[in-house]
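Participant: Going down the list, the protein sequences come from chains A and B.
Per our numbering, the first sequence starts with residue 1, numbered consecutively.
Per our numbering, the second sequence starts with residue 1, numbered consecutively.
Quick caveat, the hints were computed from the structure, so don't treat them as lab data.
Honestly, I wouldn't trust all of these hints.
[Unchecked claim] Capping the alpha-carbon separation at 27 Å, the derived lysine-lysine pairs in DSSO-like fashion look like this:
id: 1; chain 1: B; residue 1: Lys5; chain 2: A; residue 2: Lys116
id: 2; chain 1: B; residue 1: Lys5; chain 2: A; residue 2: Lys121
id: 3; chain 1: B; residue 1: Lys5; chain 2: A; residue 2: Lys112
id: 4; chain 1: B; residue 1: Lys5; chain 2: A; residue 2: Lys114
Next come the chains, spelled out residue by residue.
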Amino acid sequence: MSVTDIVFILTAVVTVGSAVVVVVSRSLIYSVFSLLFTFFGVAILYVFLGADFLAGAQVLIYVGGILVLLLFGVMLTHRLYNLNLTTERFQPIAGTLIAAAVFASISLAAFKTKWKLVGEKELEPTTQQIGEAFLSSYLLPFEIASVLLLVALIGAAMLVRRRTDV
Amino acid sequence: MIELKYFLLVSACLFSLGVFGVLTRRNAVNVLMGVELILNSANLNLVAFSRYSSVGIDGQMFAVFVIVVAAAEVAVALAIVLTLYRVLNTVNLDRADVLKR
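Construct the entire structure; sequences and hints are all you get.
Facilitator: Right, dumping it as structure tokens:
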């Protein structure tokens with residue numbers, strides 16, 4: 001077992017373990033902060049897959065943006081003097097059964113299928129390739145994505161403004 | 001080199017945990033965290049197939065677009081959650097049953 005394997009196993013254990021804490025923990029703050037470790041773990045897995053640009057984007061957008069947004073969501077939807085930010089569970093048995101069935105079918109498919117794989121590819125920086133693909137074959141989705149972000153920005157601002165100062 | 005199926009296994013774990021979170025949580029923000037786990041597991045699969053099969057950079061491009069849509073989604077969803085909190089004074093999803101009454 002090489003060092004790479006050990007680091008991979010550690011990363012996978014941390015990622016999945018903190019994801020378990022996210023969905024099981026009763027405290028919302030614990031959930032948000034263990035989501036941080038899950039996102040970082042996924043970023044490290046991207047590095048294992050040779051996706052350097054995506055690893056950076058994962059840290060910047062998920063950890064720097066989405067996580068802070070979720071933390072705002074937790075803080076703004078509870079009164080601040082009420083410090084026990086807990087959450088309840090419902091349908092635990094049905095949820096566990098469905099999640100176990102989903103896990104079993106996905107991992108069975110992943111292990112049983114004969115994937116058409118190519119051999120070991122050369123590791124190379126991907127940023128230039130991604131940039132060129134954005135401005136050539138993915139130009140239309142790129143523009144649509146920017147319009148989508150603008151629409152989401154305006155929509156979110158419209159939704160949360162106070163009704164009185166229309 | 002680590003085999004493809006181990007990445008798929010990690011991704012399957014994240015996906016089913018996300019499904020569990022979406023199904024069993026009452027708090028809307030917590031349900032959103034489950035959705036984020038699901039999107040991350042899908043992304044991990046896209047990047048893994050982009051590396052191990054012959055599709056080239058296309059899998060990573062899809063992953064970039066998934067990240068963009070996830071950012072937009074979480075902004076709008078949190079706006080909806082805040083509106084829900086303002087109207088009902090709670091973010092528990094089982095209390096959001098105004099249409100049923």
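Participant: Does each hint fit the structure? Answer for all of them.
Facilitator: Cross-check of the supplied hints:
At roughly 12 Å between alpha-carbon atoms, Lys5/B and Lys116/A fall within 27 Å of each other, so this suggested pair holds. Restraint check: the Cα-Cα separation between Lys5/B and Lys121/A comes to about 17 Å, which is no more than 27 Å; the hinted pair holds. The hinted pair formed by Lys5/B and Lys112/A meets the criterion: a straight-line CA distance of about 10 Å does not exceed 27 Å. A hinted pair counts as satisfied when its Cα atoms are at most 27 Å apart, and Lys5/B with Lys114/A qualifies at roughly 11 Å.
Checked against the numbered hints above, the structure violates none of them.
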